[in-house]
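Protein chains: 2
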Amino acid sequence: MDFNEHTATEAVQNSFSETPDVRLQELLNTLTRHLHAFVREARPSVQEWEQAIEFLTAVGQTCTDTRQEFVLLSDVLGVSMLVETLNEQEGGTESTVLGPFHMVESPPRALGDTIDLVGEAEPCVVSGRVLSTDGTPLPHAEVDVWQCNEKGFYDVQQPGSQPSGNGRGLFRADAEGRFRFRTIVPSHYPIPTDGPVGRLLKATRRHPYRPAHIHFIVQAPGYMPLTTHIFVAGSPYLDSDAVFAVKQGLIVDFAESDDEEAAARNGVQAPFRHAEFDLVLSAERAA
Amino acid sequence: MDFNEHTATEAVQNSFSETPDVRLQELLNTLTRHLHAFVREARPSVQEWEQAIEFLTAVGQTCTDTRQEFVLLSDVLGVSMLVETLNEQEGGTESTVLGPFHMVESPPRALGDTIDLVGEAEPCVVSGRVLSTDGTPLPHAEVDVWQCNEKGFYDVQQPGSQPSGNGRGLFRADAEGRFRFRTIVPSHYPIPTDGPVGRLLKATRRHPYRPAHIHFIVQAPGYMPLTTHIFVAGSPYLDSDAVFAVKQGLIVDFAESDDEEAAARNGVQAPFRHAEFDLVLSAERAA
Chain V
1 MDFNEHTATE AVQNSFSETP DVRLQELLNT LTRHLHAFVR EARPSVQEWE
51 QAIEFLTAVG QTCTDTRQEF VLLSDVLGVS MLVETLNEQE GGTESTVLGP
101 FHMVESPPRA LGDTIDLVGE AEPCVVSGRV LSTDGTPLPH AEVDVWQCNE
151 KGFYDVQQPG SQPSGNGRGL FRADAEGRFR FRTIVPSHYP IPTDGPVGRL
201 LKATRRHPYR PAHIHFIVQA PGYMPLTTHI FVAGSPYLDS DAVFAVKQGL
251 IVDFAESDDE EAAARNGVQA PFRHAEFDLV LSAERAA
Chain S
1 MDFNEHTATE AVQNSFSETP DVRLQELLNT LTRHLHAFVR EARPSVQEWE
51 QAIEFLTAVG QTCTDTRQEF VLLSDVLGVS MLVETLNEQE GGTESTVLGP
101 FHMVESPPRA LGDTIDLVGE AEPCVVSGRV LSTDGTPLPH AEVDVWQCNE
151 KGFYDVQQPG SQPSGNGRGL FRADAEGRFR FRTIVPSHYP IPTDGPVGRL
201 LKATRRHPYR PAHIHFIVQA PGYMPLTTHI FVAGSPYLDS DAVFAVKQGL
251 IVDFAESDDE EAAARNGVQA PFRHAEFDLV LSAERAA
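Line order of the protein sequences matches chains V and S. Numbering-wise, the working numbering puts 256 at position 256 of the first sequence, and it's gapless, one number per residue. Numbering-wise, the working numbering puts 224 at position 224 of the second sequence, and it's gapless, one number per residue.
Keep in mind the hints are simulated off the structure, nothing from the lab. Don't take every hint at face value.
[To be verified] If you only want the chain V side, here are some residues facing chain S, beta carbon under 7 Å, derived:
#	residue
1	His34
2	Val46
3	Arg285
Even glycine gets a Cβ: it sits at the ideal position worked out from N, Cα and C.
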């Protein structure tokens with residue numbers, strides 16, 4: 001029978017019937033059904049479909065070693081957050097999107113080190129513990145951190161003016177699961193608007209801003225890895241993050257402190273800001 | 001309320017609420033609903049979603065001035081054909097996909113000219129009429145033609161060994177709507193398999209072949225443009241086209257002929273092949 005509106009989905013699904021990888025076949029069959037349902041409902045003209053193809057091509061071609069425009073597209077359509085949410089660890093710290101800026105490996109640093117290689121903004125101490133859901137500290141947990149600077153730019157966005165590795169650090173918690181590092185308070189910032197995703201936001205009158213945050217990937221043997229942010233309380237755009245990543249439980253107070261003794265203990269000068277919170281991992285499920 | 005599995009779609013749709021272009025807003029809202037439904041049902045792991053992003057990025061980065069891998073992806077998922085089918089002209093010749101090889105303008109040629117600039121394979125005459133659905137000839141209709149050679153390659157795939165414009169021609173029908181050109185019988189061929197779409201076909205054990213065909217775009221003032229192929233009767237893969245484009249009504253006999261007089265009249269030597277068919281356009285609908 002000819003390929004038509006009614007036979008299309010089955011014809012394409014049949015073409016995948018010899019796929020050796022059962023999960024791949026399931027994903028492709030489900031994708032085909034939903035993609036065709038979208039096309040049947042939206043009824044794009046041939047020209048509209050050509051525009052969609054051109055848009056997706058431009059998204060791919062905007063990607064470089066230090067820029068991932070398809071992650072950005074997935075982010076602004078809420079898909080990255082949806083995938084994170086569906087994979088969330090039960091009982092642990094809430095997860096949120098990886099984002100497009102974890103493109104380089106964070107340099108290993110010692111506890112207490114600073115990730116601010118420039119030193120021009122107000123110092124900030126970030127500290128806390130890595131715990132299991134029952135409150136047990138997780139000794140020597142790995143804490144991978146990355147953030148933008150006080151102007152809202154990641155190091156990879158300003159290779160000329162920021163040192164490589166600025167705002168990034170790979171830490172190992174101590175024997176009591178404690179982590180501590182120095183930094184500066186990150187700024188809210190716009191996601192890159194000079195590519196096709198920026199054009200999409202402009203065409204839909206959406207602002208491109210993300211509230212201020214620090215990224216974390218936390219890992220410990222026997223526990224599920226956690227990808228999350230902490231958000232700076234009081235930052236603009238907490239209620240309209242361009243990538244839908246804010247969860248109320250991830251907003252942390254970056255408190256101003258004049259405590260000279262605490263400043264000295266943390267290797268900074270008062271006044272300084274201090275964010276203190278725990279990162280909670282769920283145990284791996286038995287296979 | 002936090003972004004979660006249940007609030008995700010509404011949150012993203014709300015972000016599009018200020019879109020000035022009503023059609024764009026409708027397309028994005030429909031896309032968001034179907035895309036999120038796919039993710040909710042398929043429940044991709046974070047790693048699977050990363051693989052999907054990497055795949056789409058590679059598809060975009062495989063595109064060049066002479067190669068459109070996203071069209072190819074749309075083709076092998078049956079989406080291009082579905083879009084064509086939903087936009088089909090009623091009563092006219094059936095349409096089928098544009099395909100990824102209409103990337104250069106066809107050189108204007110006179111009726112009867114050959115589009116085979118090499119001259120090494122058996123000659124073929126293609127002729128017919130451009131008609132309206134009531135059988136009225138459409139004088140001076142534009143007939144844009146492109147095809148691969150007898151080995152299955154388009155000119156743009158072999159810039160070193162095929163002359164530019166080989167297998168392509170832009171013709172204007174005569175005052176009675178008749179068109180006629182010389183060529184060679186195209187071969188069935190594999191779609192390009194050295195990119196990410198090829199890897200998808202391999203992973204799903206799908207063959208990459210398309211049955212032999214000649215592409216047409218036909219236009220006449222006051223009529224809907226027609227994008228179609230004619231398929232060579234008897235070609236392999238007529239029942240399993242990698243891009244789902246075959247319709248029974250588009251299969252044409254490329255008859256062998258020994259008729260010396262007909263050969264001379266058409267500017268070829270016997271024996272030759274001859275395909276004769278009409279291309280029927282529907283009138284534009286009133287606005």
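Hints, one by one, checked against the model:
1. His34: holds, 4 Å
2. Val46: holds, 5 Å
3. Arg285: Not OK, violated: V:Arg285 not within 7 Å of chain S, min 13 Å.
Checked against the numbered hints listed earlier, the structure breaks hint 3 alone; every other hint is satisfied.
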